[in-house]
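Participant: Here's the letter readout for the chains.
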Amino acid sequence: MLCLAQCCMSASASMVPLEESELSDVSGSGLALGFEDLRVVMSPTGYIEATGANVLPNLPYKRADARWYGVSLTAASSAGGDGYHFDGTPCVSNDISCPISAQGFLVPNDNPLILRVWDYQGTSSSGRQYLRRDGTGTDVPTVLELLFPDWHQPLKGAFWGEIAVGLDQGIAAEGGTASGHYLQSLTILDNVSLAGTNVRWMQFDQRTNPSAVSDTTFGLTANLRITGDMRFAVNQAEGSENRLGMVPSFTHREGLYFTDVDTFLPLGSLHYQALIGDQVPGGGDFILELTGIPNVEAVWQDFYAHAPGVATHLGYERNNRPERYGETHGHWRIGDQDPSTNTCMSPGNCPGQSGIVFRSAGEASTFTVFSDRPSENINAWESNCTGADSCNPPPRLDNPRNSTAYHQVNLGDVNVEGILMQQLRITTCSTVNGAC
Amino acid sequence: MTRRYRSITMAAVLTVTASISNAMQPLDDAALAAVSGQEGAVLEISLRWNTDAHGAPRTELPEAERRFALRYDGRPHDWLVATDFYLYLDIPALSIDSGDGPTLAEYQSMPAYNAPGKSSKLGSFDPYGTPLVELGFSEGLYLGMNNGIAITRDILSGGDIQEYGWERQDLTPFVGIRIGDSANQPGSATPVVGTGTGPTHLRLDGTVHFFGFGAEL
Numbered sequence: 353m354l355c356l357a358q359c360c361m362s363a364s365a366s367m368v369p370l371e372e373s374e375l376s377d378v379s380g381s382g383l384a385l386g387f388e389d390l391r392v393v394m395s396p397t398g399y400i401e402a403t404g405a406n407v408l409p410n411l412p413y414k415r416a417d418a419r420w421y422g423v424s425l426t427a428a429s430s431a432g433g434d435g436y437h438f439d440g441t442p443c444v445s446n447d448i449s450c451p452i453s454a455q456g457f458l459v460p461n462d463n464p465l466i467l468r469v470w471d472y473q474g475t476s477s478s479g480r481q482y483l484r485r486d487g488t489g490t491d492v493p494t495v496l497e498l499l500f501p502d503w504h505q506p507l508k509g510a511f512w513g514e515i516a517v518g519l520d521q522g523i524a525a526e527g528g529t530a531s532g533h534y535l536q537s538l539t540i541l542d543n544v545s546l547a548g549t550n551v552r553w554m555q556f557d558q559r560t561n562p563s564a565v566s567d568t569t570f571g572l573t574a575n576l577r578i579t580g581d582m583r584f585a586v587n588q589a590e591g592s593e594n595r596l597g598m599v600p601s602f603t604h605r606e607g608l609y610f611t612d613v614d615t616f617l618p619l620g621s622l623h624y625q626a627l628i629g630d631q632v633p634g635g636g637d638f639i640l641e642l643t644g645i646p647n648v649e650a651v652w653q654d655f656y657a658h659a660p661g662v663a664t665h666l667g668y669e670r671n672n673r674p675e676r677y678g679e680t681h682g683h684w685r686i687g688d689q690d691p692s693t694n695t696c697m698s699p700g701n702c703p704g705q706s707g708i709v710f711r712s713a714g715e716a717s718t719f720t721v722f723s724d725r726p727s728e729n730i731n732a733w734e735s736n737c738t739g740a741d742s743c744n745p746p747p748r749l750d751n752p753r754n755s756t757a758y759h760q761v762n763l764g765d766v767n768v769e770g771i772l773m774q775q776l777r778i779t780t781c782s783t784v785n786g787a788c
Numbered sequence: 005m006t007r008r009y010r011s012i013t014m015a016a017v018l019t020v021t022a023s024i025s026n027a028m029q030p031l032d033d034a035a036l037a038a039v040s041g042q043e044g045a046v047l048e049i050s051l052r053w054n055t056d057a058h059g060a061p062r063t064e065l066p067e068a069e070r071r072f073a074l075r076y077d078g079r080p081h082d083w084l085v086a087t088d089f090y091l092y093l094d095i096p097a098l099s100i101d102s103g104d105g106p107t108l109a110e111y112q113s114m115p116a117y118n119a120p121g122k123s124s125k126l127g128s129f130d131p132y133g134t135p136l137v138e139l140g141f142s143e144g145l146y147l148g149m150n151n152g153i154a155i156t157r158d159i160l161s162g163g164d165i166q167e168y169g170w171e172r173q174d175l176t177p178f179v180g181i182r183i184g185d186s187a188n189q190p191g192s193a194t195p196v197v198g199t200g201t202g203p204t205h206l207r208l209d210g211t212v213h214f215f216g217f218g219a220e221l
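For the record, the sequence lines run as chains W and Y.
Heads up, the first sequence is in this note's numbering, so the first residue is 353 and it goes up one at a time.
Heads up, the second sequence is in this note's numbering, so the first residue is 5 and it goes up one at a time.
Next comes chain W alone, as it looks inside the complex (with noise of 0.2 Å):
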């Protein structure tokens, strides 16, 4: 693919072609994808499925069958323009109430989508040593790794989704019934933005001594960073089908919102940390498993990110927190921490308000709510302490309370920081034959 990169050089000239000399000097960094006014829309009908299997009659379960119909990918509503539902009527407005945008997307060249072969040897720009499980830095494997951009114009991505139980021929067959234990929603993503996620596939060298036998396996990490809004509902409008397989029309408004996420997720740690997958003995489940954390020191050390100089906080300090703590330390946010500027007060105040936000179909319905919703300034905690391991908790702050009078709710906000997986491992259990 690098030569294709010069090939391209060489047909702007003429169509000279490259001496062997020439190409033998071709170096590379890799492959890259931009996206100019990009827009991928699943028919409506179309599906992605889960599928569910019988169970015996003598267990306590029954068969689940999910399905995403009409997977969508295109501009956040910021961008403007027009907007679809999935029955394809137009919009009454392109918000987060409305799925499909008339826009595509732009990731543009200099900001690309990359694909790389790449060595993380040694220490890295900031000083940080790539360590093998054993602890030591040096021969860590090449890595194949798929680089989100660090910056794209932001997306919206929308689908609407069928869980259905306990339907023995599955979905298809029961098809355009409106019979059955079934759910039908819609998921619609606005504002999202993936800058700075990457996947990394590696050998994972499962062993924490030199001296052991190689034991290699396929291994995977995943930094997840992803920030945006989100409308989860259910409610249909009067003449939807309400139909398996057939494509319902949800009302404007109802719904649960998360605006203001920010997440990130980080899976594994080059080279000490990576998701693998695992056999169970028999049948056909598996298992996928966050490696534990070696004892090793050195891992240790840069795993927990501890403070330059203050070994006895294990790890935890609110000041001071190197560079490498955010590396290895997730994070879940939901709004912009102001409570006290995000109350629902009238019917027209609550749309696109920061936090999590509960709205009923209308102001007619029957839907009452209501929170009280003390809070503590997060940055009150910082200049309260009075010595490293000495911090009292602030004064806690009344905020505004939603009126009882509508049908809508701010719950508040979400600030989950520090989170660190040492391991996690997830055997599944098929309710067939399988391993429970």
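Derived from the structure by calculation, the hints contain no laboratory data.
Quick caveat: nothing in here was measured; it's all calculated off a predicted structure.
C-beta: ideal position from N, C-alpha, C; glycine also.
Among the hints, a few may not be true.
Label pairs and their in silico Cβ distance ranges [unchecked claim]: (1) Y:P96 <-> W:A716: 45 to 53 Å; (2) W:T693 <-> Y:G218: 44 to 52 Å; (3) Y:E143 <-> W:T720: 17 to 25 Å.
Add chain Y to chain W, keeping to what the hints say.
Facilitator: Below, chain Y alone, put in the same frame as chain W:
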């Protein structure tokens, strides 16, 4: 964006491919002039893997013959198996063209462009106005798929393989994945009402810029 396409990039790719296989003997201009793909190319791609022409699974084949398996590196007896596997992919028109990508000024004139600067991952590479390959899917694509996912192991006896993991008869996949369309049933001339399992249509508007880069970081 002002496009300034040249017409010979595809020919150049063919040139290098041919040259590599023939001790790097380049085509001369006369030979290049005869290359029919020099104005760009449109490809029709159709992949049917265990399906018929409409995307219906070929269930007359034994299930064990409809599996797709990968063996783990360093794990000589472990397999990732897709059971009951079929895949249907039809791209009616994949257009391949080439030209110069947008310059920085052209990007800055786009209302959507708000990048804080060039990605550091590109190093010294200049991504503005450089030659690239452009892909377009004017008619979208049709896609259907079905499989179950299982991880399994060879059955061994005294170090010998008695039965490969991918062909084991006791496999029960934990999860099945299907891509289909509830309005499309293979062989049906008209849309069906919620019962379809045939391929679905994916619309892909816009263009994809594809380029390789070499850089000092």
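Participant: Broken hints, numbered, in rising order?
Facilitator: Violated: hint 3 alone.
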